[in-house]
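S.K.: The chain contents come next:
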Amino acid sequence: MNPPSCSTVPLNRVDVGQPLVVASSPTDPVVARRMMTLGWRVGEQVRVVRRAVGGALVLDLDGARIAVGGTLARTLTVEPRA
Amino acid sequence: MSRGSTSPTCHQAPSSRGIEVSDDESTIVLVGAPNVGKSTLFNALTGSKVTMGNWPGTTVEVSRGVWRHHTAPSEPHALAQADARCDCTPTHDDHRGATGHDRPAAMIDFPGAYSLDSSSPDEQLTADVLDDPALARASIVVVVDAAHLARSLYLVSELREHARRMVVAVTMSDVARQHGVDIDIHALSDAIGAPVVEVDPRHRVGLDALGEKIRSCQSAPVPAPRGRIDAVVDEQDERFAWISQVVAASVATRPTPGQQFSDKVDRVVLGRVTGPLIFLGVMWVVFQLTTTVAAPLQDLLAGLFAGPVSDLASWLLGLIGLGGTWAEGLIVHGLIGGVGMLLTFIPLMTCMFLLLALLEDSGYLARAAVLTDRVMGVLGLPGRAFLPLVVGFGCNVPAVAATRVLSSPRHRLMTVLLIPFTACTARLTVFVMLGTVFFGTWAGTAVFAMYLVSILLVVAGGLVLRSTLWRSTLAEPLVIDLPPYQVPTWRLTWSVAWVRLQGFLRTASGIIVATVVVVWLLQAIPVGPGAFGHVEVQDSAYAWLARVIAPVFAPAGFGAWQTVSALVVGFVAKEAIISSWGQTYGLSSSDGVTALGDHLRVAFEASSHGHVLAGVAAFMVFLVAYTPCVATVSAQVREVGWRWTGFGMLLQVCVAFVMAVLVFQVGSLIL
Chain A
2 MNPPSCSTVP
12 LNRVDVGQPL
22 VVASSPTDPV
32 VARRMMTLGW
42 RVGEQVRVVR
52 RAVGGALVLD
62 LDGARIAVGG
72 TLARTLTVEP
82 RA
Chain B
-13 MSRGSTSPTC
-3 HQAPSSRGIE
7 VSDDESTIVL
17 VGAPNVGKST
27 LFNALTGSKV
37 TMGNWPGTTV
47 EVSRGVWRHH
57 TAPSEPHALA
67 QADARCDCTP
77 THDDHRGATG
87 HDRPAAMIDF
97 PGAYSLDSSS
107 PDEQLTADVL
117 DDPALARASI
127 VVVVDAAHLA
137 RSLYLVSELR
147 EHARRMVVAV
157 TMSDVARQHG
167 VDIDIHALSD
177 AIGAPVVEVD
187 PRHRVGLDAL
197 GEKIRSCQSA
207 PVPAPRGRID
217 AVVDEQDERF
227 AWISQVVAAS
237 VATRPTPGQQ
247 FSDKVDRVVL
257 GRVTGPLIFL
267 GVMWVVFQLT
277 TTVAAPLQDL
287 LAGLFAGPVS
297 DLASWLLGLI
307 GLGGTWAEGL
317 IVHGLIGGVG
327 MLLTFIPLMT
337 CMFLLLALLE
347 DSGYLARAAV
357 LTDRVMGVLG
367 LPGRAFLPLV
377 VGFGCNVPAV
387 AATRVLSSPR
397 HRLMTVLLIP
407 FTACTARLTV
417 FVMLGTVFFG
427 TWAGTAVFAM
437 YLVSILLVVA
447 GGLVLRSTLW
457 RSTLAEPLVI
467 DLPPYQVPTW
477 RLTWSVAWVR
487 LQGFLRTASG
497 IIVATVVVVW
507 LLQAIPVGPG
517 AFGHVEVQDS
527 AYAWLARVIA
537 PVFAPAGFGA
547 WQTVSALVVG
557 FVAKEAIISS
567 WGQTYGLSSS
577 DGVTALGDHL
587 RVAFEASSHG
597 HVLAGVAAFM
607 VFLVAYTPCV
617 ATVSAQVREV
627 GWRWTGFGML
637 LQVCVAFVMA
647 VLVFQVGSLI
657 L
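In order, the protein sequence lines correspond to chains A and B. Those letters in the first sequence? Residues 2 to 83, by our numbering. Those letters in the second sequence? Residues -13 to 657, by our numbering.
Simulated from the structure, these hints should not be mistaken for laboratory data. Any given hint could turn out to be false.
To be verified - To be clear about the criterion: a stretch of chain A counts as covered by chain B if any three or more of its residues have a C-beta under 8 Å from a C-beta of chain B, and this derived list gives those stretches: (1) 32 to 45; (2) 53 to 61; (3) 70 to 80.
We put the CB at the ideal spot given by N, CA and C, even for glycine.
I would like the entire structure built from these sequences, with the hints used as guidance.
M.R.: Have a look at this one:
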């Protein structure tokens, strides 16, 4: 996992629709590999499309829609794009 | 599997649970990420001639079918060459295809896999395909999603590192174009280094072109592999760079207006208020259709077998001099009763499998998993487990089948173990009867209490299992691909449902018929006065067995043999408990519930030493927790095998006994 910089924020704290850049991968290697194959890699662009019930987030990753649980979202960091 | 009906080639490797493979070039292996249309393509190519079973030595299920591709007679044919090497004679069915221009080829549909990484059994199996000697010469068709090409190409990049014949089938091109993504198929083929075909399996477009590419690929030399072979996925992975090059060389993007259709629908379907309401509505519809709508058909079939079919069989047996003999009892009450019971599940299971296929194909099931993830997470289960558990309150048999929506075998197993604790409607009929007879105006409360006990058992069971057997499974966070919504196609929905129904009938038939025959035999064997097939219930081996077991239940307050014998019948089907009591007490249908209630009151009075209500409550709790019925057992065997089914049955009986004893011992202090 990459160390978060001062401009990075946890994924669960960002606004819906805000353009973001992936800043870190999950700490669990199995989850990290799964997310990498789904497009979650450091430097890639991402956007939160929706907040669902129970804290889950729907993400836009390269045009695809991926849902991640609220607990996982708290551990992922992103950098807001200007 | 019958080779004569579906197998196109010889040299078949044996399998332990139904799937056979051919070790020649004619075999085609279908792989790809989940939700790319792989199974739709498989169904479009193979039709309904599909066999489902576990891959030998694994718990991963794969589908196997036969694809008949039209070829011109003058063309050189790789499959013909493969057939010519066989030293066995093609079957009648194979000849039928081979003598025309349709050439049969075995096609195996592997589970969805994003990569060859071994983090899941499904992906491990796809990785193992490359090392399986039985598939060393098979061609691989990789299905990729044009709308999300970069993500689909990871598996392609890994497969290209192996010296294998490979064809890439690009699906969802229409969706990609709507998203402003245009793919140059020729450029993509050049960049990948393998033939690429654009297909639309939902509308059967491009299938012939795919067939031609596969056929050319089968007769062509094996292409040289690309670069290294390394299964590790990491940030610095060279494959991502390769994918970027491939995408840059073959994809043109253009701006598209605003929100996608699925995003608009998700605003409502995943909304904080509307989401749960829609989810509950969908669950209600599933519950209603699998019980209320299927139930009349179930009753119709049950009546048909208990009435006209049995009468006809008795009449025919009478014609050949077997009327009134034990043979008539065996055939009418044993075999026909067993087959009849099996067939009564067909409407229920068909309904369940069709609904499952519709929910999966439409894209809603993935959303339901998101909505219920936090609730089910308490039990260590993913959101999708909610569906089978809800269905379980209607009938446990389709509920067990519904665990197929769970991709993880461990989650499937855990859910299968919890489903028997959901109080199905068959148990409800017994609860209502006992409640009416013993609890009077409190009957409704007593029945409601049983549902609370059922929910409590599911929650407690889940918590115990997550903290013991599957501690490591529970940390798995929600990461799920949400496919775009689409209108399900009738052909695919029916095809998937039909294959699953066939699988259920194949597994369940033997177990259900054998159990019904065994119970009939126990009731036919005299222990005392009477002859085989002509014996009063109380003088049969069935009653003898119940008398032997009965003392075990004395601490639970229902140690009378008449009560315990109903539990034996209840193992066959809970619906049969009331009729078996009627048979035991020699009642006719005109005697009604009151007469039966009087007999039961006497039995419970004696076995509970005067604490009748405590004894009845303990009996009802036992009914909630112990093995639902033989049909559920057979469905469990199909899903998780004998070992775990046996473990589950033992668990259920132990929990049922302990709870019943507790209820009676505490209840007898109050009631």
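S.K.: Please go over all the hints and tell whether each is borne out by the structure.
M.R.: Hint by hint, here is what the structure shows:
1. Remark: the segment 32 to 45 of chain A is confirmed as covered by chain B, as 10 of its residues place a Cβ nearer than 8 Å to a Cβ of that chain, reaching the required three.
2. Restraint check on the segment 53 to 61 of chain A versus chain B: 6 residues with Cβ-Cβ distances below 8 Å, three needed, restraint holds.
3. Against chain B, the segment 70 to 80 of chain A contributes 4 residues with a C-beta closer than 8 Å to a partner C-beta. That satisfies the three-residue criterion, and the hint holds.
Every hint, counting from the list given before, is met by this structure.
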